[in-house]
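*Asks:* One letter stands for each residue in the lines below.
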Amino acid sequence: MTGDLLPVAVGLLNKPGQTRTVAFLLRLALEHEVDAFWLRAALPTLPRAPMRTQLLCLTAYTAPSTAARLHSLWSQLSQACHYHSYELSPTVHELHHWHHELLSLLPLPLKPPP
Amino acid sequence: MSLRDVLVERLDGAGLDADVAALILAAFDARGEEGGRHGDGVARAYLGSITVAGFRGIGREATVSLRPEPGLTLVVGRNGSGKSSFAEGAEIALTGTNARWRDLPAVWRGGWRNLHAEGAPAVTVELRFDGRPEPVRVRRTWPGTSVDGSVVEVVDGEEISAGLDGLGWGEDLTVCRPFLSYSELGKILTGKPKDMHDAIAGILGLERLAATEAALDGDRKALEATAKESARDRTALLADLADLADPRAERALDLLRARKPDVAALAELATAGGPTGDLAPLRRLAVLTPPDLAAVAAAVRELRAVAAAPPPSIGADEVRLADLLERALAHQGADRCPVCRAETHLDEAWAHETRAELAALRARTAETIAHRNRVAEAVAAAHALIAQPPADLPPDLLAVWKEWAAGLSLGKAGPLADHLDAHAAPLVRACVGAAETAEAQLTALDDRWRPLALRLAAWTAREHAVQESAPLLARLKAARAWLTKAANTLRTEELRPMAETASAIWERLRQESNVSLGPVTLAGTGTMKRVELDVTVDGSETSALGVMSQGELHSLALALFLPRVMAARTPFGFVLIDDPVQSMDPAKVDGLAMVLDSVARHRQVVVFTHDTRLRDAVARLRLPATVLEVTRGERSAVTVRPVEDEVARALADARAVAASVDLPQQTAATVVAGLCRTALEAACVQVVRRKLLERGWAHSAVDARVRASRSLTEIASLALFGENRPREDFNAEVPTEVKAAIAFCNRGVHGTHSGGDLLGAITLVARAARTVRRDW
Chain A
132 MTGDLLPVAV
142 GLLNKPGQTR
152 TVAFLLRLAL
162 EHEVDAFWLR
172 AALPTLPRAP
182 MRTQLLCLTA
192 YTAPSTAARL
202 HSLWSQLSQA
212 CHYHSYELSP
222 TVHELHHWHH
232 ELLSLLPLPL
242 KPPP
Chain B
6 MSLRDVLVER
16 LDGAGLDADV
26 AALILAAFDA
36 RGEEGGRHGD
46 GVARAYLGSI
56 TVAGFRGIGR
66 EATVSLRPEP
76 GLTLVVGRNG
86 SGKSSFAEGA
96 EIALTGTNAR
106 WRDLPAVWRG
116 GWRNLHAEGA
126 PAVTVELRFD
136 GRPEPVRVRR
146 TWPGTSVDGS
156 VVEVVDGEEI
166 SAGLDGLGWG
176 EDLTVCRPFL
186 SYSELGKILT
196 GKPKDMHDAI
206 AGILGLERLA
216 ATEAALDGDR
226 KALEATAKES
236 ARDRTALLAD
246 LADLADPRAE
256 RALDLLRARK
266 PDVAALAELA
276 TAGGPTGDLA
286 PLRRLAVLTP
296 PDLAAVAAAV
306 RELRAVAAAP
316 PPSIGADEVR
326 LADLLERALA
336 HQGADRCPVC
346 RAETHLDEAW
356 AHETRAELAA
366 LRARTAETIA
376 HRNRVAEAVA
386 AAHALIAQPP
396 ADLPPDLLAV
406 WKEWAAGLSL
416 GKAGPLADHL
426 DAHAAPLVRA
436 CVGAAETAEA
446 QLTALDDRWR
456 PLALRLAAWT
466 AREHAVQESA
476 PLLARLKAAR
486 AWLTKAANTL
496 RTEELRPMAE
506 TASAIWERLR
516 QESNVSLGPV
526 TLAGTGTMKR
536 VELDVTVDGS
546 ETSALGVMSQ
556 GELHSLALAL
566 FLPRVMAART
576 PFGFVLIDDP
586 VQSMDPAKVD
596 GLAMVLDSVA
606 RHRQVVVFTH
616 DTRLRDAVAR
626 LRLPATVLEV
636 TRGERSAVTV
646 RPVEDEVARA
656 LADARAVAAS
666 VDLPQQTAAT
676 VVAGLCRTAL
686 EAACVQVVRR
696 KLLERGWAHS
706 AVDARVRASR
716 SLTEIASLAL
726 FGENRPREDF
736 NAEVPTEVKA
746 AIAFCNRGVH
756 GTHSGGDLLG
766 AITLVARAAR
776 TVRRDW
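Residue numbers (the numbering used here), protein chains in the order written: chain A, 132 to 245; chain B, 6 to 781.
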């Protein structure tokens, strides 16, 4: 599913006024990746848990540093998606940064069971 | 390697003259003792607590307790809650001054006392030095009303000493100052270029090199000034001497024009004043002796007398007759005249007559000879009065003199007398005139020469000194040139790691900024010193400081400041940062959190902020940090309480996971156990650190010990006993609650949790963590 969302997000990257849309698409792509990861990990019910829980659980199933970065990326994207009255839209540079960060984290490595 | 050793090594490799190298080392050694440069053996200080009373926003005594170890602590609170009073209190207690106040007008500084306090304002900072179990307290009080009239004492065990000297920080308090506030951040880049240069160069610990450079340069300048003065005087002397038509001046000019004037010859010329060269004729003229007019008159009288006397005349035949008669007298008595053969008897009467005649003849002969001699004597005497003209006479005088000398060719008394009469007086007049002129000329020349000679003498003495010191000046120049180059190289080398740290920090802080920071170098000398920041915007070089936003400027300042905190030489294990987040973009706050986290691995970083964004970022990025909240109640009653730390955060995460109903039991158990383990381990490590530090361990040793632990039980045992003990001891002494919590963590992580009440287990672990931290 990520394969569908990321090109759309990239296509909108340089369009003015679409920054929040791009942030939203990036976050969606990330969440889809995590869903796909749980399927690979043979834990099909996990996607039903809240995203915070899922990201915390990731620590046990993938590299802890990867899990932490993904958690941070998701938090930042979430913040960018919300229309806080006092916060400004993310800049194109930020979006590029997040896009690269997401690409560098994929695919999520499955930690061998202990 | 000490700075001196570095210097010696570089001097050896430089191929400098031995003299020059010796000069550099001598100047270096004269600049005092070797200062600590590389931080070898520095016992770093960490903050245990800051206690403030009656100061700024804090009324009755309030304390911020800190863990005296590397790590990140956020002190949060609303504006006006008093958190900055802690930051400023600590700074003023340890340094006696405060960056924010220093530049404020007096009216601002007036309001430093808290109105709600009863006693005198006091700030106490508890310090813990690496490797020393006992804390050291720095207590600053203000007995008077002026903020500058404070008294500080250092309490080290039983010992109490006044002043901060006992801490041994010296200039490090300035150079590595571990305090940074929002207002100071703004000043780092916008202040004087030289101040920034000095601030950065100071951290490198190369002040002594700079001082040596300055000393050598000072000596060089002094010598050069003397040489320059001498050269200027020489030019003036040349000009003034050229105006003089004096042979001495010409000689002096010749000597002075030489590339290196012969000072000995010049000194002699200036002091001797004897006749030299072309001045001799003039001096001879001045002492010229004209003919003595009285003698001339006498000679003329004599000449005239001999000329006037009738010349006695005796003919040659009369002389011959006298001879004949003389010889004829021998023939007296003869009957015949032997001459004429006449028969005349040469009788007595004849003889008598002849004798008389003979006598008359003789008398006349003598008279004639005497007259001739008198004439000759008179002429000779007259001639004796006439001298040939001496050398170097002026032409008119020479003509007169030659006329006069022509008299020598006159042998007759009369004409000679006329000649003398005619020429003696004019010659004497001419002579006297010439002598007077020469005398006047000489006086005039001397009058102009004498002051110049004095100047020349003075100049010669100075020039002598200059020439003497010329080799030293050359050595000084070479020494200074070499040292400047060497110092710059060394500075750049020493700066590189710091500059790289700054660049790396900026990389993380800049986030979406299109401004990038290249190498940082120190440039310029004297008052032109500056820090060169290679800042580019979108890759093109520019004076980017002008185009950067306030937030970016602050971030850049922070990037430049933090290496100072990380410098090896610093005796401070802590850094207090007051409100770094203001005017920062939200995205940069994440970068800041990561930067602070990396600094916190080696330093105790205490950040005071009223902004929730940094706290959010730290939590989001799951960075280990302790959060303290400051609140201010009625009458400035300030309270500080811990709101969050690693233990609390891990337990909160664990509760979130446990509360998710959709998780498979096994997954939830594994994750919850892992987070609980994180919490319990963090609690144990805090205790281990506290206990080992109290036993005088260094932070690095504690870190190594913790890293070497293989299991949670081992760390817990270390926390309980503060040392290695057999497992049986631990099992015997550990409270059951803690033992159960450890068991839960271990079982869950290893996938053997059998289900059951996860939330209950988390509560158990929370209690265990509290027990560990409170009771152990």
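Since the hints were derived computationally from the structure, they do not count as laboratory data.
Source: prediction; values computed, not measured.
Each hint should be verified, as a subset may be incorrect.
[What the hints assert, rightly or not] Taking CB as the label site, the calculated pair distances span:
#1 B:G765 <-> A:V223: 48 to 58 Å
#2 B:A48 <-> A:V223: 45 to 55 Å
#3 A:V223 <-> B:G149: 52 to 62 Å
#4 B:N751 <-> A:R183: 32 to 42 Å
#5 A:K242 <-> B:A657: 21 to 31 Å
#6 A:L234 <-> B:D543: 34 to 44 Å
#7 A:P195 <-> B:R775: 50 to 60 Å
Beta carbons: idealized from backbone N, C-alpha and C, even for Gly.
*Asks:* Taking the hints in turn, state whether each one holds.
*Replies:* Status of each hint after checking the structure:
Look at G765 of chain B against V223 of chain A: about 49 Å separates their beta carbons, and that is inside 48 to 58 Å. Checked against the hint of 45 to 55 Å, the pair A48 of chain B and V223 of chain A passes, with Cβ atoms roughly 49 Å apart. Checked against the given bound of 52 to 62 Å, the beta carbons of V223 of chain A and G149 of chain B, roughly 58 Å apart, stay inside it. For N751 of chain B and R183 of chain A, the hinted distance range of 32 to 42 Å is not satisfied, since their beta carbons lie about 25 Å from each other.
Against the hinted window of 21 to 31 Å, the Cβ-Cβ separation of K242 of chain A and A657 of chain B comes to about 24 Å, which satisfies the hint. Hint check: L234 of chain A to D543 of chain B, Cβ distance near 23 Å, so the stated range 34 to 44 Å is violated. Against the hinted window of 50 to 60 Å, the Cβ-Cβ separation of P195 of chain A and R775 of chain B comes to about 26 Å, which falls outside the hint.
Against the hints set out earlier in the document, violations occur for numbers 4, 6 and 7.
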